[in-house]
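**Q** This is what each chain is made of:
Number of protein chains: 4
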Amino acid sequence: MNGGLREVMHKEKKVLNRGFVELVEWMGGDEAVIRNARRCWRSASKGTESDRKLLKHLLLKGHKTPFEAMVFTFDIKCPLFVARQWFRHRMGSFNEESLRYCVAEREYFVPEGLPAKLRDEWREHQEETFTLYEQMISRHSLRREAARAILPIGIYTRFYWTVNGSSLMNFLLLRTSRQAQREIRAYARAILEIVSTVAPWSFSIFQEFVLKGGESGSHEEA
Amino acid sequence: MNGGLREVMHKEKKVLNRGFVELVEWMGGDEAVIRNARRCWRSASKGTESDRKLLKHLLLKGHKTPFEAMVFTFDIKCPLFVARQWFRHRMGSFNEESLRYCVAEREYFVPEGLPAKLRDEWREHQEETFTLYEQMISRHSLRREAARAILPIGIYTRFYWTVNGSSLMNFLLLRTSRQAQREIRAYARAILEIVSTVAPWSFSIFQEFVLKGGESGSHEEA
Amino acid sequence: MNGGLREVMHKEKKVLNRGFVELVEWMGGDEAVIRNARRCWRSASKGTESDRKLLKHLLLKGHKTPFEAMVFTFDIKCPLFVARQWFRHRMGSFNEESLRYCVAEREYFVPEGLPAKLRDEWREHQEETFTLYEQMISRHSLRREAARAILPIGIYTRFYWTVNGSSLMNFLLLRTSRQAQREIRAYARAILEIVSTVAPWSFSIFQEFVLKGGESGSHEEA
Amino acid sequence: MNGGLREVMHKEKKVLNRGFVELVEWMGGDEAVIRNARRCWRSASKGTESDRKLLKHLLLKGHKTPFEAMVFTFDIKCPLFVARQWFRHRMGSFNEESLRYCVAEREYFVPEGLPAKLRDEWREHQEETFTLYEQMISRHSLRREAARAILPIGIYTRFYWTVNGSSLMNFLLLRTSRQAQREIRAYARAILEIVSTVAPWSFSIFQEFVLKGGESGSHEEA
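Protein chains in written order, with this note's numbering: chain A, 1 to 222; chain B, 1 to 222; chain C, 1 to 222; chain D, 1 to 222.
Chain A extracted, bound-state conformation (with noise of 0.2 Å):
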């Protein structure tokens, strides 16, 4: 399995016009979530098929705290909108770059599909409104965690974001659901593929009979 993580930590996907998410580091997996479950019983594994077999009952029955033995470390570049939907989830760690202390880059979200001649006028905008920016740090020496309250919600912001299996599989039910945001949506799906690279009967379970059979919603953000 080792050679596994080492093939995933590479693994970078791309998502929307400027940003990413990337496994930077795990543990646990299906054998842990396993060990975990069979705890409760002192009972031993009987084999492949009744493993999936447990890991099934205890997803269709709600029994998540074996999933917790399983963790994630992922580094995500997201518009801002995007990470304050993120946010809201609160059983996890997240580290994220402070424009208190860092001057904002250029890069921004633009709407897919707009328009050509709407597509432009969104840029310009946005280059002027990161002008007055740098100027009100530069030349008039606003505090940056001041002058950043012009900057776009849209701006690309960076973090990691520690979970365990149980939190993820509630953000990704939330958040790869059609009424999630077009935008969240398409980093959920990355992070869906990557982990069911890293614990693939305990996903790929959740993917058939968990995320199938509903269709929460995800109105709880801003």
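Take these hints with a grain of salt, some might be off.
Simulated DEER-style distance windows between Cβ atoms [claimed, not checked]:
#1 Ala44(B) with Leu60(D): 33 to 41 Å
#2 Ala116(C) with Glu127(D): 47 to 55 Å
#3 Lys46(D) with Glu124(A): 53 to 61 Å
#4 Ser50(D) with Glu112(B): 55 to 63 Å
#5 Ser138(D) with Arg189(A): 20 to 28 Å
Each computed BS3-like pair below joins lysine-lysine, with the alpha-carbon atoms no more than 27 Å apart [what the hints assert, rightly or not]:
#6 Lys53(C) with Lys212(A)
#7 Lys46(A) with Lys117(A)
#8 Lys117(A) with Lys212(A)
#9 Lys64(D) with Lys212(B)
#10 Lys53(B) with Lys13(D)
#11 Lys64(A) with Lys56(C)
#12 Lys56(C) with Lys46(C)
#13 Lys64(D) with Lys56(B)
Simulated from the structure, these hints should not be mistaken for lab results.
All C-beta atoms in this analysis are idealised placements derived from N, C-alpha and C, irrespective of residue type, glycine included.
Given chain A's structure and the hints, the job is docking chains B, C and D onto it.
**A** Here is chains B, C and D on its own, set in the frame of chain A:
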């Protein structure tokens, strides 16, 4: 104490150029903290003096659980960059207005102390931004949730925040600190003033022995 | 509704041979949930019928955050093996009597339905256990915290539990299930009855559409 | 560092008369903490010395999030009264053997330092307790989950514990304290020794500047 409640509930503190904080509901208070702490030893109160000593002991030793017996719900209006720092505090509950469904109002942060000319330039650019945003939605039928990407991080947002006394103290410790950003400090101070009338013993001891002593920073934010 | 509160506060439900559940404090209720949910769309209530529909929608879609606006504090007395299952629910606050500092009282669980002879044998052995425990402390100066190691898991303990509506529903879903242990089910049912008088809409919809539909188990316990 | 991992993974520390602690899996480490902390300022490492300074700064200022990038899973065997104190730490994941499904083994805590005569009396009574427990199940068909009510709080239990570095430090701060019960202190010290070989910088700085300085107690337990 219900009289005190009613009085408090009409209190609303204005913060920054367009924001406010209002306490809309609360439960517990000093008595609940004392009651819960005494449960540990099955002990009864021995009067005012010993109750205050107990609260001081709990705060100095970091025994936080009894303070979770008091809970507050605030209605808050603040710039989005302040909300982002706020939402990093995971131990609490947020219900926020969503720009996926609502159209943004023309309310945005303007840094204090900007020279008149710069302030005008700031405002002018922001007004153009809102005009572009509105056109994208009304004329060009761009999804609201995507159009907002052009809006400034300084836009005002509104949310309810439910938080227990222990998590609130952690918020106040980090966000009244000199290392916190000036804008969120204004909100933290307003909240501290309000809760000091609701649970006066806990928060006066907290101010005197925890806030004054510490210098905790708050770089854990974006 | 304050009238309702006062009435509820005098209510205490007896559970098992020596236990009880009592609601000592609460805030929020149906109105708070509705208010918080409507914040998302900046919408006002359109009357009773649409409010009930909203609550049902939230519960069926798993939108849990608005239910965190209602919070309850219970006073509970239950056998320690029940308390252990209870404390597995991490989203809530516990303040418990400690046998490090207090001397245990002679109150212990006796299984219902034991034949008289066995019940006597059970009691007799337990009484001997308590006598040995007391001698270890008083005659042999063993630390209370170590002497308790001989006490039975069926000993009664007392604690305050502060929990929000969303976490409470999760507790009720798992602990009223037929897969939960009979003893904790008795407590869960008592609590459901009490909160149904405090937030009648939320908990009647919860009972009808969530509890009746699901069959979630609860093996996540010891 | 993988060499270190393999070495650590074979390490198992015996604690009390029958218990142990074993690290079965981990991710992150000093490097992950440093990487996550530097994300905030978009800064690169400037070498060993500045990395150690950064870790010290984070620990002294209470910036805990970066330490959530390291995660540990332990296999633990301890008396139930110790497990109860352990499970009060809500920020972590527990999977425990359940006496609803398993039959208890005759393994129980015996206080150290008891005179021989008392120790014999203690053991004799406990053996009788187990005999009664076994009869209730095998002869009288009492449910295992109810029969366990007669078992002693000093019975040994086993569980997996997954916890991140920040929550682990909070556990260690409270549970290595002189105010913590002697028995859980033995476990806390064993864990501190183990993790000090896995993330040596973080935990040596933690020991020197946080543990030595503080005197945090731990009455938040039963």
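**Q** For every hint, state whether the structure bears it out.
**A** We went through each hint and held it up to the structure:
For the pair Ala44(B) and Leu60(D), the supplied restraint of 33 to 41 Å holds, since their beta-carbon distance comes to about 40 Å. Between Ala116(C) and Glu127(D) the C-beta distance comes to about 25 Å, which lies outside the given range of 47 to 55 Å. Taken as a hint, the range 53 to 61 Å is violated for the pair Lys46(D) and Glu124(A), whose Cβ atoms sit roughly 39 Å apart. Look at Ser50(D) against Glu112(B): about 36 Å separates their beta carbons, and that is not inside 55 to 63 Å.
Checked against the hint of 20 to 28 Å, the pair Ser138(D) and Arg189(A) fails, with Cβ atoms roughly 54 Å apart. At most 27 Å may separate the alpha-carbon atoms for a hinted pair to count; Lys53(C) and Lys212(A) meet this at roughly 25 Å. Distance restraint check for Lys46(A) and Lys117(A): the Cα-Cα separation of roughly 63 Å exceeds the 27 Å cut-off, and the hinted pair is therefore not satisfied. Proximity of Lys117(A) to Lys212(A) is assessed by CA-CA distance (about 39 Å); at most 27 Å being required, the pair is judged violated.
Straight-line distance between C-alpha atoms of Lys64(D) and Lys212(B) comes to about 21 Å, which keeps the hinted pair within the 27 Å bound. Taking the CA atoms of Lys53(B) and Lys13(D), the gap is about 41 Å. The hint is violated against a cut of 27 Å. Between Lys64(A) and Lys56(C), the direct Cα distance comes to roughly 25 Å. Compliance with the 27 Å bound is thereby established for this hinted pair. Between Lys56(C) and Lys46(C), the direct Cα distance comes to roughly 15 Å. Compliance with the 27 Å bound is thereby established for this hinted pair.
The hinted pair formed by Lys64(D) and Lys56(B) meets the criterion: a straight-line CA distance of about 25 Å does not exceed 27 Å.
In this structure, the hints that do not hold are numbers 2, 3, 4, 5, 7, 8 and 10, in rising order.
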